[in-house]
Amino acid sequence: MRTKSLGGASYFVTFTDEKSRYSRVYFLKHKNEVLENFKNFKNEVETFTGKKIKYLQSDNGTEYVNGSFNKFLLDSGIQRRLSAPFTPQQNGLAERLNRTLLDKARCLMAEGNLPPALWAEVIHTANYLKNRSPSRSINGETPFKIWLGRNPSGRHLHIVGSKSFVLKKKP
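Mapping of the sequence shown onto my numbering: position 38 corresponds to residue 257, and the numbering continues sequentially without gaps.
Just so you know, these hints were derived from the structure itself, not from any lab.
Keep in mind that this is a model prediction, so the values were computed, not measured.
Misleading hints may appear alongside valid ones.
As the list claims (entries may be wrong) - In silico lysine-lysine, BS3-like type, Cα no more than 30 Å apart, as pairs:
id	residue 1	residue 2
1	Lys223	Lys388
2	Lys223	Lys271
3	Lys248	Lys273
4	Lys238	Lys271
5	Lys271	Lys261
6	Lys223	Lys261
7	Lys261	Lys349
Start from the sequences, fold in the hints, and give me the full structure.
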């Protein structure tokens with residue numbers, strides 16, 4: 220991103236469970252932070268599902284193909300699947316997700332008249348909404364339901380960019 224986020228991020232990385240299409244977004248100040256965020260995703264997968272990641276599909280970017288990432292995957296028993304150079308079609312799931320999140324974020328930012336520095340918060344929101352929306356690719360289910368085994372609630376959702384006020388209760 221051209222503008223740094225409020226938290227100082229310049230990049231984001233997504234990880235997606237292929238079966239449920241549930242995805243997580245992590246925001247990075249530097250591309251070399253991908254491994255740490257993948258470790259966080261791996262821990263989340265194992266905690267919430269009780270299952271292990273079998274493989275990681277990625278492009279040949281140096282943030283994925285380096286000694287420490289290779290060692291971590293080997294030590295964790297995770298197979299690596301690399302797409303051929305200059306062939307983003309082989310990474311279709313990730314490429315489509317990133318495009319969808321960016322498109323939704325642009326719309327949300329325009330509709331809410333939000334400043335560019337909020338891009339990370341809005342991409343996070345776009346992913347949050349995507350995980351709770353029915354998808355044809357998983358037979359009309361939501362990624363949230365397949366991932367966690369229960370239906371998501373939408374009662375807490377509000378329009379992005381709407382004015383809100385803090386209510387301070389007297390002690």
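Quick rundown of the hints versus the structure:
1. A distance of roughly 35 Å separates the Cα atoms of Lys223 and Lys388; the hinted pair therefore is violated under the 30 Å criterion.
2. Taken as a hint, the Lys223 and Lys271 pair is broken in the structure, with Cα atoms around 34 Å apart against an allowance of 30 Å.
3. At roughly 28 Å between alpha-carbon atoms, Lys248 and Lys273 fall within 30 Å of each other, so this suggested pair holds.
4. At roughly 13 Å between alpha-carbon atoms, Lys238 and Lys271 fall within 30 Å of each other, so this suggested pair holds.
5. Distance check on the hinted pair: Lys271 and Lys261 sit about 8 Å apart at the alpha-carbon level, within 30 Å; holds.
6. At most 30 Å may separate the alpha-carbon atoms for a hinted pair to count; Lys223 and Lys261 meet this at roughly 26 Å.
7. Note on Lys261 and Lys349: the hinted pairing holds, with a Cα-Cα distance of about 20 Å set against a maximum of 30 Å.
Checked against the numbered hints given earlier, this structure breaks hints 1 and 2; the rest are met.
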